[in-house]
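Engineer: Below, each chain spelled out in residue letters.
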Amino acid sequence: MKNKNLYNYILGIADNSLILGQRLGELCGHGPTLETDIACTNVSLDLFGQVRSYFQYAAKIADDGRTEDDIAMLRKEREYLNVLLVEQPNTNFAYTIGRQFLFDVYHLAFLTELEKSKDLTLSAIAKKSIKEVRYHERFSSDWVKRLGDGTEESKTKMQEAINDLWTYTDELFHQTEADKAMVKEGIGVDVTKLKEDYYENVSELLEESTLEVPESKYFQKGGKKGIHTEHMGYLLAELQYMQRAYPNMEW
Amino acid sequence: MTTTEQNIDKKLIPILGGVSDPEIPVLSIMDMGVVRSAVIENNTVKVEITPTYSGCPAMDVIGDDIKKALKEAGYNSEIELILHPAWTTDWITPRGRKALEDYGIAAPLGAEADKDVLLNGKRIVKCTNCGSQNTRLVSQFGSTACKAQFQCDDCQEPFDYFKCLK
Chain A
601 MKNKNLYNYI LGIADNSLIL GQRLGELCGH GPTLETDIAC TNVSLDLFGQ
651 VRSYFQYAAK IADDGRTEDD IAMLRKEREY LNVLLVEQPN TNFAYTIGRQ
701 FLFDVYHLAF LTELEKSKDL TLSAIAKKSI KEVRYHERFS SDWVKRLGDG
751 TEESKTKMQE AINDLWTYTD ELFHQTEADK AMVKEGIGVD VTKLKEDYYE
801 NVSELLEEST LEVPESKYFQ KGGKKGIHTE HMGYLLAELQ YMQRAYPNME
851 W
Chain B
3 MTTTEQNIDK KLIPILGGVS DPEIPVLSIM DMGVVRSAVI ENNTVKVEIT
53 PTYSGCPAMD VIGDDIKKAL KEAGYNSEIE LILHPAWTTD WITPRGRKAL
103 EDYGIAAPLG AEADKDVLLN GKRIVKCTNC GSQNTRLVSQ FGSTACKAQF
153 QCDDCQEPFD YFKCLK
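For the record, the sequence lines run as chains A and B. Going by the working numbering, the first residue of the first sequence is number 601, and it counts up by one from there. Going by the working numbering, the first residue of the second sequence is number 3, and it counts up by one from there.
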């Protein structure tokens with residue numbers, strides 16, 4: 601492949617949305633209320649839409665006969681480059697919202713920078729996606745506030761979720777080899793520069809929600825290199841079922 | 003005239019105007035602003051469309067419907083999906099906004115007002131049934147990606163609001 605770095609870079613972005621979209625899609629028909637069920641699946645649909653644009657582009661770059669479906673559905677676990685945060689399960693609604701919030705704040709900042717990319721396709725996808733992600737971020741922050749500043753039970757659960765998920769946040773700002781190469785070319789986003797604002801914004805919202813900002817400095821990593829948590833295998837088994845059972849079907 | 007119509011061959015406007023959004027059948031794709039250009043080259047029509055929301059499943063259907071309508075009019079066609087510039091609710095024409103309202107979907111407000119409504123619970127979206135502004139947000143996400151759910155506290159009618167996308 602001529603442009604391996606760009607290909608891997610696109611995958612890194614797309615896989616976050618693909619895996620988070622899959623997690624949210626699991627709630628279809630299982631959300632805690634009708635409205636939240638519809639909201640989670642709407643967000644999932646937006647993410648899948650964005651993913652298609654990324655994978656169509658990746659397929660063009662790869663230029664080896666693979667389609668967007670092959671790239672999305674037929675890789676092995678180690679070949680998925682998403683961060684650990686997005687593969688964490690829907691333990692309860694506080695976890696779903698906590699995961700969403702911790703990702704949305706990052707996603708919004710990331711896309712704002714990706715808009716400036718020298719790569720016109722990535723810049724166009726970012727411009728399109730950012731409009732949708734603004735709604736996602738409103739939705740998740742709103743719920744963090746409602747649960748955090750809600751009843752004693754909702755507060756306890758929301759705090760628990762944030763404490764548990766916190767350990768996966770640092771990885772969002774790790775640079776991969778592809779990242780570094782793409783930053784150099786003016787195509788990629790330097791994620792290390794997003795970190796400070798991220799923790800500031802997240803902390804502010806948590807405080808507003810009467811929640812405590814976790815102090816733990818122990819962080820998990822690996823997803824960006826394809827080393828995932830135990831949850832990933834189960835998620836992929838479901839995600840890939842149709843393609844494995846009925847090869848070559850299109851979405 | 004919207005900027006898009008300048009890029010659309012006049013002969014094609016009535017044909018494309020006959021294609022509607024499968025999820026909002028009263029709204030033509032022209033009034034929705036998703037057709038960005040349409041030109042005839044050697045009896046093949048090249049059409050550029052842009053999605054409203056990235057994951058909108060209606061886009062594939064719209065592409066197929068455009069092909070069918072053009073075929074009936076005697077043209078071959080090629081459809082291309084473009085992402086830039088990204089679609090905005092500002093591209094919905096006044097006629098499109100009216101069609102939405104008549105159909106029972108409140109048309110999008112400006113960006114600031116939209117934020118007030120969706121985040122701060124302000125009551126300004128007009129009920130499509132009775133016209134009252136005593137309406138409240140039920141959910142930021144509605145029956146499709148582009149809509150939010152509202153309910154009127156005067157006539158009690160639930161209705162969709164087309165969210166502002168800028």
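Source of the hints: derived by calculation from the structure; they are not laboratory data. All values derive from a computational prediction rather than experimental measurement. A hint or two may mislead.
[To be verified] What follows is a list of derived Cβ distance ranges for each label pair:
| # | chain 1 | residue 1 | chain 2 | residue 2 | range |
| --- | --- | --- | --- | --- | --- |
| 1 | A | Pro689 | B | Lys168 | 33 to 43 Å |
| 2 | B | Asn78 | A | Glu800 | 17 to 27 Å |
| 3 | A | Glu777 | B | Arg97 | 48 to 58 Å |
| 4 | A | Glu808 | B | Asp92 | 28 to 38 Å |
| 5 | B | Asn131 | A | Tyr834 | 41 to 51 Å |
| 6 | B | Asp155 | A | Glu677 | 31 to 41 Å |
Every residue gets a Cβ at the ideal spot worked out from N, C-alpha and C, and that includes glycine.
Engineer: If you check the beta carbons of glutamate 808/A and aspartate 92/B, does the distance land in 28 to 38 Å?
Structural biologist: 32 Å, holds
Engineer: Asparagine 78/B and glutamate 800/A, beta-carbon distance inside 17 to 27 Å?
Structural biologist: 55 Å, violated
Engineer: Given the hint of 33 to 43 Å, check if proline 689/A and lysine 168/B actually sit that far apart at their C-beta atoms.
Structural biologist: 35 Å, holds
Engineer: CB of asparagine 131/B to CB of tyrosine 834/A, is that within 41 to 51 Å?
Structural biologist: 46 Å Cβ-Cβ, so the 41 to 51 Å window holds.
Engineer: Indicate whether the distance between the beta carbons of glutamate 777/A and arginine 97/B respects the range 48 to 58 Å.
Structural biologist: 53 Å, holds
Engineer: For the pair aspartate 155/B and glutamate 677/A, does the Cβ-Cβ distance stay inside 31 to 41 Å?
Structural biologist: 51 Å, violated
When the structure is compared with the earlier hints, violations turn up for hints 2, 6 and for no others.
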